[in-house]
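A.B. asks: Each chain, written out:
Number of protein chains: 2
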Amino acid sequence: MKTRVGIYGYGNLGKGIELALRSAEDLELVAVFTRRDPAKVKLVDPKVPVCSVKTISDYQDKIDVMILCGGSATDLPQQTPELVKLFNVIDSFDTHARIPEHFAHVNSEALAHQHIALISAGWDPGMFSLNRLYANAILPQGKDYTFWGKGVSQGHSDALRRIEGVADARQYTIPVEEALQAVRSGSNPELSTRQKHTRLCYVVLKDGADPKQVTSEIVNMPNYFADYDTTVNFISQEELLRDHQGLPHGGFVFRSGSTGEHQEHKHVIEYSLKLDSNPEFTAQVIVAYTRAIARLHQEGVNGCKTVFDIAPAYLSPLSGEQLRATFL
Amino acid sequence: MKTRVGIYGYGNLGKGIELALRSAEDLELVAVFTRRDPAKVKLVDPKVPVCSVKTISDYQDKIDVMILCGGSATDLPQQTPELVKLFNVIDSFDTHARIPEHFAHVNSEALAHQHIALISAGWDPGMFSLNRLYANAILPQGKDYTFWGKGVSQGHSDALRRIEGVADARQYTIPVEEALQAVRSGSNPELSTRQKHTRLCYVVLKDGADPKQVTSEIVNMPNYFADYDTTVNFISQEELLRDHQGLPHGGFVFRSGSTGEHQEHKHVIEYSLKLDSNPEFTAQVIVAYTRAIARLHQEGVNGCKTVFDIAPAYLSPLSGEQLRATFL
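Protein sequence lines correspond, in order, to chains A and B. With the first sequence counted from 1, adding 1 to any position gets you the numbering used here. With the second sequence counted from 1, adding 1 to any position gets you the numbering used here.
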């Protein structure tokens with residue numbers, strides 16, 4: 002019998018989940034829930050029902066896992082603890098600093114309602130976190146490095162669009178190649194914020210806006226740009242729409258450590274992602290973990306989990322025997 | 002209380018385990034067991050007792066996990082099922098094709114004696130296997146690539162030394178840079194054996210041996226060299242000892258896949274290792290999994306496991322709370 006799945010919220014991530022579920026033969030999309038008018042939400046597959054979130058409690062016995070596709074700022078801190086009362090849930094909560102707090106809220110509701118929740122699935126947090134954990138357990142003597150990009154930062158693009166005179170904008174975060182090479186060499190460099198990433202902005206100006214003034218506001222913006230070498234390119238709205246509509250992203254996680262009687266042997270572990278579509282890849286990770294938590298719930302496991310708590314075999318549709326014969 | 006650990010067999014890997022345990026504050030090395038004369042085995046730490054394997058049953062209540070450091074060809078197929086009758090055990094069995102058979106033998110003895118065993122820990126099998134599993138679960142539409150090196154292949158070095166006229170030799174397996182770049186680009190190339198790796202040999206000739214004859218025997222040797230572009234360098238024994246005594250290794254695991262309504266978005270997942278010492282890194286992985294199986298045994302888990310069955314959090318000495326705050 003297939004695991005019955007619901008999607009809560011249908012933006013870029015929700016659409017990615019719908020697409021990812023099509024390659025998962027053991028999972029079945031039952032319905033998509035939206036706060037908008039359901040008639041106005043168009044899915045890739047028109048046969049899947051779109052329902053108002055107001056009707057969600059009618060689905061308590063019809064859905065095994067609800068995938069929450071809201072944002073981390075305001076949606077998930079409220080939605081995940083609320084929906085875990087009704088369903089097993091999974092989210093991609095990505096405000097790193099607030100994960101312990103979110104975990105505590107979700108865990109107490111999950112235990113009280115005998116459901117399982119998995120929070121912070123995706124690639125960072127998610128696959129990058131896993132690689133940090135594995136690499137630190139293997140090389141306790143060492144140093145961690147995380148780089149992001151080349152990719153679109155939605156937060157930085159939003160920051161550009163809030164500047165007066167900016168009509169539209171897109172910001173790419175780019176890891177500095179020399180820094181990557183230095184880390185890869187095992188030399189354990191100390192790297193400042195400026196040495197690790199550069200920022201590349203494509204900006205469409207409003208009529209009459211002063212490019213010098215806008216550039217100055219961008220490169221001096223605290224937190225977002227002031228600590229980086231930032232390049233600002235002015236382009237037309239047509240160019241922005243033509244060349245910068247994708248949501249590529251990715252990055253690199255390194256652990257550079259040493260072993261030996263005198264720590265004389267160096268080792269570098271590197272994990273990297275190069276993604277054409279950030280939301281679609283995030284969705285793929287979430288769907289694999291959806292399979293895992295459905296299985297764990299069948300085994301009687303409740304409470305809040307993270308990727309750290311899930312044995313890898315649970316992510317795959319293959320049996321243990323198949324996995325050992327194929328991937329080990 | 003610390004987990005009490007024994008080492009069974011003290012070669013390169015056994016020594017790596019001894020060194021790795023020194024960075025694991027929650028693990029304690031109780032004794033090293035050897036088939037040789039114990040008086041002739043010198044540990045890094047002379048305070049650790051070296052015992053004959055004949056006395057091992059005396060240690061049944063003194064050791065929580067026995068780490069087996071024998072070879073996969075003849076030692077482990079016999080030792081792991083035998084020793085799991087007395088101890089929880091971990092090995093690095095690396096004959097990929099025979100893993101299902103080894104698993105079955107170890108599993109039945111482990112269950113019968115209420116112990117836990119983990120087989121095939123290390124980096125391939127081990128960390129590379131994990132990355133193949135995770136990446137396949139995340140990107141079901143895609144293609145896998147594994148490259149090894151640059152590193153010393155013991156099997157190929159041994160094959161060189163069996164040739165008449167060869168006094169000593171060392172063989173490096175080297176991934177082809179163009180092939181790595183092609184895979185990294187997401188183009189999903191079809192690569193022949195020759196296109197993926199080259200082989201580099203450093204050979205010391207015996208007096209009077211014919212270098213042309215030896216070269217011809219090497220480059221035409223079936224399975225080992227005939228399918229590769231092989232370079233043979235003749236050097237002196239002094240040069241071999243001076244420049245080629247290390248055991249570096251490493252490699253790359255890729256999954257290159259696609260998502261999207263029309264599979265139009267490409268994604269590349271890459272995991273790579275660059276290791277100065279193959280046995281010491283393997284030992285680090287084994288020691289992290291030693292912690293994991295000791296904990297699982299305390300929870301009442303028995304039977305044979307692989308890296309696929311172990312939730313990542315078990316590898317770390319940190320608590321779940323610390324892990325979420327630090328690595329997620």
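Read the hints as simulated data drawn from the structure, not as lab findings. Accuracy of the hints is not assured; some may be wrong.
One copy or any two copies: either way a pair holds, since identical chains are not told apart in the list.
Stated by the list, open to error - Heads up, simulated BS3-like pairs for lysine-lysine below, C-alpha to C-alpha not over 30 Å straight-line:
# : residue 1 : residue 2
1 : K3        : K48
2 : K197      : K151
3 : K144      : K3
4 : K197      : K63
5 : K48       : K213
A.B. asks: Evaluate each hint against the coordinates.
C.D. replies: Against the structure, the hints:
Only within a single protomer do K3 and K48 lie at most 30 Å apart by alpha-carbon distance; the minimum there is 18 Å, versus 58 Å between protomers. In this assembly of identical chains, K197 and K151 lie within 30 Å of each other by CA distance both inside one copy and across copies; the values are 12 Å within and 27 Å between. Taking the shortest Cα distances, K144 and K3 sit within 30 Å of each other only across copies (26 Å), while inside one copy they are farther apart (43 Å). Within a single copy, K197 and K63 get their C-alpha atoms no closer than 48 Å, and across copies no closer than 49 Å, so neither meets the 30 Å cut-off.
When the C-alpha separation of K48 and K213 is checked against a cutoff of 30 Å, the pair qualifies neither within a copy, at 52 Å, nor between copies, at 71 Å.
Against the hints set out earlier in the document, violations occur for numbers 4, 5.
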